[in-house]
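Chemist: Chain by chain, the residues run as shown.
Protein chains: 2
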Amino acid sequence: MFDENRFLTITPLGGLGEIGMNCMEVSSQDGSILIDCGLMFPENYHLGIDVVIPRFDHIISKKDQLKAIILTHGHEDHIGALPWLVKYVNVPIYGSKFTLALVEHKLRERGLLDKVTLIPVKPGKTLKVAGLKIHFFPVCHSIIDGLALGIDSPVGKIIHTGDFKIDKDPLIENWGTDLKQFKRFAGKEGVRLLMSDSTNIEQEGWSINERKIVETFRSIFKEAKGRIIVTLFSSHIQRIQEVLDCAKEFGRKVGVSGRSLGVNIEIAKNLGYLNVSEGDLFIDLNEMPVLPDDKVVFIVTGSQGEPMSALSRIVRGGHKQLSVHQGDTVLLSSRMIPGNVEAVTRMVDNLYRLGAEVCYDKMHSIHASGHAYKEELKAMLLATRPKTFIPVHGEYRHLVKHSRLAVECGVTPERAIILEDGQPITLLPVGIRFEEPVAVDSILVDGKGVGDVGTSVLRDRQILGDEGMLIAVLVIDEVTWNILYGPAVFSRGFVFEEHFDYLLEDAKCLILDVFENDPHASVDKLQDKIRSSLRRFFKKILERDPIIVPVIATV
Amino acid sequence: MFDENRFLTITPLGGLGEIGMNCMEVSSQDGSILIDCGLMFPENYHLGIDVVIPRFDHIISKKDQLKAIILTHGHEDHIGALPWLVKYVNVPIYGSKFTLALVEHKLRERGLLDKVTLIPVKPGKTLKVAGLKIHFFPVCHSIIDGLALGIDSPVGKIIHTGDFKIDKDPLIENWGTDLKQFKRFAGKEGVRLLMSDSTNIEQEGWSINERKIVETFRSIFKEAKGRIIVTLFSSHIQRIQEVLDCAKEFGRKVGVSGRSLGVNIEIAKNLGYLNVSEGDLFIDLNEMPVLPDDKVVFIVTGSQGEPMSALSRIVRGGHKQLSVHQGDTVLLSSRMIPGNVEAVTRMVDNLYRLGAEVCYDKMHSIHASGHAYKEELKAMLLATRPKTFIPVHGEYRHLVKHSRLAVECGVTPERAIILEDGQPITLLPVGIRFEEPVAVDSILVDGKGVGDVGTSVLRDRQILGDEGMLIAVLVIDEVTWNILYGPAVFSRGFVFEEHFDYLLEDAKCLILDVFENDPHASVDKLQDKIRSSLRRFFKKILERDPIIVPVIATV
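Sequence order for the protein chains is A and B. If you use UniProt numbering, the first sequence corresponds to residues 1 to 555, in order. If you use UniProt numbering, the second sequence corresponds to residues 1 to 555, in order.
So here's chain A without its partners, still in its complex pose:
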């Protein structure tokens, strides 16, 4: 039974050192699986970037070994990078029903559905793949149908929690995180390795229970005299159910606006995850019946103040069917993601200017995080009693603090291991080995361009965005070196030309000066001199440094 060749290598490709882009390879001697394949939303300094995905070279270079992709749940930071991977690897994708329904929709939209086989899994069943036997444990999260993985591996029992919180009193039966199942899997000995969600390690205590949210909703619905508008993360089916339940209880019809919400509600309804009463709870915005204000609630997209979302359009008067007026109540039932706080608070202020009352996270209990707080993470550690602990899903400080918690819970300090993306570790029958790092990266996706925008392009965008640009064009006779055209000067994002055209006239004079001072210089030299002369000028006059593109054409 004891085989020296047995091993399990864990290779984090994303999500260890950042929030998002979760992706991890787990390999045994019989092959490998990929746990999650997520994207990350760009940070503010990622100018113009749509999404960020992990670098897949490592996976693609040994794709014959890859046997399966296993998805823990359907959030974008766990499934969003699939479209970029499935072009290169053709293995079954396993996940819960709802998770796969979201994947199916995503891949169909991009014409990639024929590339993949989607195989549903569920708690109570196991999956044998790549020398591993995988158990699925239901976990509570801010999306339904989330799964944690219990893996019987050649070197012992492994748990990967995925994203989770522990809801001791779940609203939807059987979909709380059942710690007993983890405990049973861990057995008397405890697991060999626990990998656990670090997102909320900095939050003390226990996360808010969803029942508290329902309580707040009910009191708001009870008081509201006008229309109610709710915005939330569009995949948060449980929260949507709570709004529907309140609507029913307080006799309001429900309208929905925003594409992603429509899609997700449809999917959830079809799979039976949304309990919609008989009778017409929903109303069609295009054929909206005339209803008193206190008989409707609208669920709309736009919780992050996205400019094209339904709520943003409502606020600026650009929504075809909906508007906000005095006496309405708007509920932002979601977290403000740090990069979006400015946009969201601007929206909130404008809602107040329109006369609405706005309820948001900071002021009312109308949102609960889907990630375990510190005491919940402790409960997971105590239930599974790991020999080795690797914190996952978090920025570096989260990983540090989560590993400290593991030590407090009995993991020996040298077995509480902080890995970052690209650092593989191998569990041997006895002992652990760190492997050579593999190449990882954050690949920037801009439109259809994947990886064509890198650091140098971002740096140019930074300057262009902050300072604007100026083009200077001059056509000269290649024989006589006489000026045939120009200098012409064009600017964008620099100064308001209509009022400050004298600056551009000065720039033209400077270009002529350069040319006259050194009439026999080469084109390259002239271009360099024009650039430095104009930069000096604008720095002195305006303390600005736009990108300057001198173009000298010889004909």
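One thing to keep in mind: the hints can contain errors.
A pair counts as met if it fits within one copy or between any two copies, since identical chains are not told apart.
Stated by the list, open to error - Here are the simulated DSBU-like cross-link-like pairs (lysine-lysine), alpha carbons at most 30 Å apart as the crow flies:
(1) K222 <-> K401
(2) K253 <-> K320
(3) K539 <-> K115
(4) K97 <-> K63
If you are wondering where the hints come from, they were derived from the structure by calculation, not from laboratory data.
Please arrange chain B on chain A, whose structure you already have, making use of the hints.
Modeler: Only chain B this time, still in chain A's reference frame:
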């Protein structure tokens, strides 16, 4: 005594509807004063903008009436726009000693000091100007020497709180907010008008007392084995004093890095506001003695993750004298301003990677806001019992919520008045009159350019920053319409040209197509066609839409 011509007009020029840029004109029949003259730091969408200032046209157009500028305290959002105003108006500037010292430094640096007369004021003394008698009340805030204004006006008593919190147990004697002085001024009748700081109306209860911060500092200093690095707002002299006191108590020398900190500490020392022990508490970083790690503390700039600040340079290894290593403790003793959260948390993660322990607001009580929480605002309302209430210093939702609090505290609803910038209101001997709005604006300052960057330039910057740009140059013979040069294509911030030059080659072909399909079109028409053809192409191929500048030169 009763004079029908008496009046007092309040004209907010900034700070009512935004946080920052505080500036208000108060006029009687005998002239006007300006209360504060602040700037606002740009939001994320203000690309490349350095600061934002109020529009001063209203003040300048009637500058003969302006008798004084009164400053409540020395923060940038109250004094920062002075350099742009003092060029146009020449009236005395009144403020506390420390406030004026900061103004003096600022104006000297810009060569504007000879334009102004600075006159110190202090609690207990009054100032008669513009038909008003102004009393000064000391208030507690996150900068020392803050003042609220009590104004005996022709139409009754007015209070403008400036920025304040109520510290019932101030660390520095006599510089808590003494509500009794406000109460005494208000008298039996209460004041005619209260204008009060709305910044923290959304915070329930009382703000944290500075003694709590000292307590945390002491426990951190007690435990720390390595070096301690503290970053904080550089004008927060009281907090700096607390660090100095801890340094003394725990036998650490103090090094300072960062220009603004050095300046402010010097000013405070010279005015006697910093209690520095005899002996050498401070060490000079340029001649740093060799000291054990547990014998030093460094106060450095960079609490907002500013890239050129001392702390950012330390983190990326670019600081000449200082570095961070295993076992050091870094204290971010300040609030993370929402727009800076990404930058600050990136810095925190990198500090952890270097092995430091980092204490910040979210996790430890090492920062206290300088603005009154809801219960403190209530205490101010109850102490002054205003007939009319105008919330100041806040975004729109803050003003709404503060006015509701005033109503709860006994102000009649129609006398709790929400004004925004540019909406003047006149208090008459009996009654109130709304005046015609005056022109206000947020003037964007970019380098030395004031107001030359407006909406259209910002829009270009947005596109340039998100999508980059492409220039297409073509020189044609004005007689034969033959192409003499080009098409040449240059891009910036668009794609990484080295790897994606084939896209630019395709673009050149498209330009030739346009030219050949319509060889006799005018230059303008050709340019338009080239632009739309290239936009279509890049949208289709890349889903991107860079700024395209076609330049056709005829020679």
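Chemist: Under the constraints set out in the numbered hints, which ones does this structure not fulfil?
Modeler: none
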